[in-house]
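Peer 1: Okay, here's what each chain looks like letter by letter:
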Amino acid sequence: MLASLHSANTAQAPVTHFSPEHCCLSIDHFSLAYAGKEALRNLTLSVPRHRVTAFIGPSGCGKSTLLRAINRLHDLNESVTHNGRITLEGQDIHGPHVNVTELRRRVGMVFQTPNPFPMSIYENVAFGLRLQQRLTKRKRDDIIEWALTSAALWDEVKDRLHRSAWQLSGGQQQRLVIARTLAVQPDVLLLDEPASALDPISTLKIEELIRNLKSELTLVLVTHNMQQAARVSDYTAFLHQGELVEYGPTDQVFTNPLLQHTENYITGRIT
Amino acid sequence: MIPPRLTTSRQPLRLLQDRVATGLITAGGVGVLMAILAIGVFLVWETLPLLAIGDTLALAKLSPMAWGTLKAALSALLFAIPVALGAAIYSALFMSARLRSRIKPTLEMMEAIPGVVVGFIAGLILAPWVERHLASTLVLIIWLPLSAALAGLLWQLTKTRLRRYFPLSWAGLWLVPWLAIMMALALWLTPWIEQQWLGGDLRLLLDQRFGIDYATRNALIVGIAMGFAVIPGIYSLAEDALADVPNTLIEGAQALGASRWQALWKVALRAAGPGVFSAVMIGAGRAVGETMIVLMASGNTALLSASPFEGMRTLSAAIAIELPEAAPGGLTYHLLILAALVLFIFTFLVNTLAEVVRQRLRRRYRQMGGPS
Amino acid sequence: MDITSDTHSQHISRQFNQELEELKTHLMAMGGLVEKQVQDAVLALLEGDTRLAEQVRDNDRQVNDLQLQIDDECTRVLARRQPAASDLRLVVAVIRATSDLERIGDEASKIARNALLLSESASTIRGLVEVRHISEHVRKMLRDALTAFARFDTELAMQVVREDQLVDDEYSSAMRSLMTFMMEDSRSISSVLSIMWVLRALERVGDHADNLAEYVVYLVKGLDIRHSDLDNLDPAIENKSEKKS
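Residue numbers (the numbering used here), protein chains in the order written: chain X, 1 to 271; chain A, 1 to 372; chain D, 1 to 245.
Each hint should be verified, as a subset may be incorrect.
To be verified - Simulated pairs of lysine-lysine, PhoX-like, Cα-Cα distance not exceeding 25 Å:
| # | chain 1 | residue 1 | chain 2 | residue 2 |
| --- | --- | --- | --- | --- |
| 1 | X | K137 | X | K158 |
| 2 | X | K139 | X | K158 |
| 3 | A | K266 | X | K137 |
| 4 | D | K110 | D | K140 |
| 5 | X | K205 | X | K137 |
| 6 | X | K139 | A | K266 |
What the hints assert, rightly or not - According to the in silico footprint, chain D covers these stretches of chain X (three or more CB under 8 Å from chain D):
| # | stretch |
| --- | --- |
| 7 | 108-122 |
| 8 | 130-141 |
Unchecked claim - Residues of chain X placed beyond 10 Å of chain D at every Cβ, according to the derived structure:
| # | residue |
| --- | --- |
| 9 | A35 |
| 10 | S79 |
| 11 | G84 |
| 12 | E89 |
| 13 | D159 |
| 14 | S164 |
| 15 | Q185 |
| 16 | E193 |
| 17 | R211 |
| 18 | E263 |
| 19 | I266 |
| 20 | T267 |
| 21 | R269 |
By construction, these hints were calculated from the structure, which means they are not laboratory data.
Because the structure is a prediction, the values reported are computed rather than measured.
Note that beta-carbon positions come from the ideal geometry of N, C-alpha and C, so glycine has one too.
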């Protein structure tokens, strides 16, 4: 049961904490700045395993920045500096012996606009696999079929695996991207507004997919659509200007948030 | 707020203006097509008499020149493609935006240098210098890329703190002094190397040992000079194609665990492939048609040789030199027209191929919903 | 988190604001109407005013119409706005409140019916003192509950919740004394029975007022105190301390 996972929160401490055995990702006093300009301030929160955690907040609050910090995408930007720790299953992701490529295999990411590679559907899903290890063709085929099935796309594409991925519709492309990420069997899946570029029906399919994936993975979802966060997530964190304002079970945050600030944002009031 | 009502009284005048403009533009387009067609017809017409004569020996005279055109173009592309594509890849995918905004226009301005000037410098300054310092030239050609690679290796090994002073995105600037130093080093050391190992004179060695002849103006010079002229064209188009690749594609590859280079090679270059191919084709078209540089830097010797140290004679140079003096209606005249026809068809094919590929690229991008 | 009545004033969507305000206004109107119904029904009973009693019974239709109208408005707000947090609790509270107010209206109707019956009886009616007493108590409860709803005042609401116990005690003792009376004088049984129905109706009005007060606590503090033990209540509400801004 959800309630047994976390300790109760009050208005003095509106941040849920998880015991180490339930916690998959732990963010500890983490700060980040772009060329001196602070984007994340002293964030501390933990993400539970096999649950969907949503980050909500107004534009520019740092939710996408935080997401990218989890798989170290900021390494590619030379002007970024950061402090504090992020641990994945107890291991510091910035540790000296950490292989970034391996980290990115374990922490997959899906972006806002579907970005399938200019290759066939098969090759798209195989891309990550080819990077990681040498596999026999049969093994690879099996994994690709499994990944496409998990992403609820197999039936729609099984007859045209070798056609260009760019021929698929937006919703299908996004599911392809998810399949591509699933193929390397990550522990965590980060989703940065995965459905905001899609039509309502594709959005619902993606949400259904997210719910089904919960049993295998830990999911972190960034969304500006609050109803989506309410529908899909188990825990919700509200961020504002780089700080964590409130973090608790989704049901509680959306029916009776602890802080006035959260209440104002969720009900659409200007503070 | 109701917007003010548009008056309809000016409509007929506007419609008339529209129609006149459309008519003029269509006439222009048709006119150009007619002109091209007319040129083609003229060329074919003037070569018909050759079929009547059927002098295959005369035709055989053209083959060294055809070979010369190909050799010149290939030498130029051999030099230009690695440099231009390397510059395009670095400029589009690695360089900092500020630096790129300064360097790209400067490189594109290179295209404005008239061929005659490039040919002049190549023939009268570069060629004699290379002849006197053949060994240095060859060493430089090998050593400069190697030293750049060495710089890369050293950069890889330095600690992160030092790296912050030499970011990859500004490598375009801080590599310049490094290469200058390396160049000075090579030039300083080569005479000594030549003395020690090559018996003091490379040209003599080549002649005596391998029987290779060295002409002052040769394919090497043409390659460097024409390559220089063709680089801006290839760079510009290839850079545009690479910069157009959506950043999300590269990020997506990296999020799957690809290193920067893997993401570039497997995804970005693949996505920009057609655009880059098109750029190279257009560069090739330019190289084939270039006249003045080849005229001044190739020595105009009609040889069927594969040696980079021998000169050549290209179709374009031959036409430029001989046609003004050829008697209209004579054999030479018709042969030269045939040469022009061959050039015409070749460039036409190359450019058409480039355009077709570019159209397919545009269609693909539209499908993906990207900028078209 | 405690919300105040000002909390609703600053929605980015002014129309949404207006819709919520209208819900509250209409609920208060229904509350006012129902309050008057109870007052009139009791007055009709105490003074034997049959015309007033008929009026009360006719007006019940208006109460029912209001309930339908407000419920419909609430459904529309839910469908269109998908309200969250305090807005959601407000709509839920209003839906529950209309049900209780409509029942109060029905009880007032019953009191009026009994008033008509008793007006035909010739003999003196016993138990009117108890009726007056309990009716004033219950009317105050209803008024306070509605005020608490309008002002989002949980303290006033808790007072109402505690009052219900006292009303129940009053009712029990009134019933006992009336029963004794019935046993003494068998001719008065029918009129006493009517009075007992009236007392029961009033006791029910008290229960409904108690429910309204509980909805206020739910709306303001997010705590659902229906079916909760009164002794555990106060500490639980204290724990739901002020929301920080």
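Peer 1: Minimum C-beta separation from S164(X) to chain D exceeding 10 Å: can you confirm that?
Peer 2: 39 Å, holds
Peer 1: Measure nothing beyond the straight line between the CA atoms of K139(X) and K266(A); if it is 25 Å or shorter, mark the hint as holding.
Peer 2: 22 Å, holds
Peer 1: In terms of Cβ atoms, is chain D entirely out of 10 Å range of I266(X)?
Peer 2: 5 Å, violated
Peer 1: Is the claim that T267(X) lies outside the interface with chain D correct, judged by CB distances over 10 Å?
Peer 2: Answer for T267(X): violated, closest chain D Cβ roughly 5 Å.
Peer 1: Take the stretch 108-122 of chain X, compare each residue's beta carbon with every beta carbon of chain D, and decide whether three or more fall closer than 8 Å.
Peer 2: violated (count 0)
Peer 1: Tell me if the straight-line CA distance from K205(X) to K137(X) falls inside 25 Å.
Peer 2: 30 Å, violated
Peer 1: At 10 Å, judged by beta carbons, does E89(X) keep clear of chain D as stated?
Peer 2: E89(X) clear of chain D: closest Cβ-Cβ about 34 Å, beyond 10 Å.
Peer 1: Would you check whether the claim that R211(X) is not at the interface survives, using Cβ distances to chain D and the 10 Å cut-off?
Peer 2: R211(X) clear of chain D: closest Cβ-Cβ about 19 Å, beyond 10 Å.
Peer 1: Is E263(X) truly not at the interface, in the sense that its beta carbon sits beyond 10 Å from all beta carbons of chain D?
Peer 2: Contrary to the label, E263(X) does not stay out of reach of chain D, its closest Cβ about 5 Å off (not over 10 Å).
Peer 1: Can we trust that D159(X) is non-interface, i.e. its beta-carbon lies farther than 10 Å from all of chain D?
Peer 2: 40 Å, holds
Peer 1: Between K110(D) and K140(D), does the CA-CA distance stay at or below 25 Å?
Peer 2: Given that 25 Å is the threshold and the Cα spacing comes to 20 Å, the pair holds.
Peer 1: Regarding the assertion that E193(X) does not contact chain D, is the least Cβ-Cβ distance greater than 10 Å?
Peer 2: Consistent with the label, E193(X) stays out of reach of chain D, its closest Cβ about 19 Å off (over 10 Å).
In summary, the structure is inconsistent with hints 5, 7, 8, 18, 19, 20, 21 from the numbered list given earlier, while agreeing with the others.
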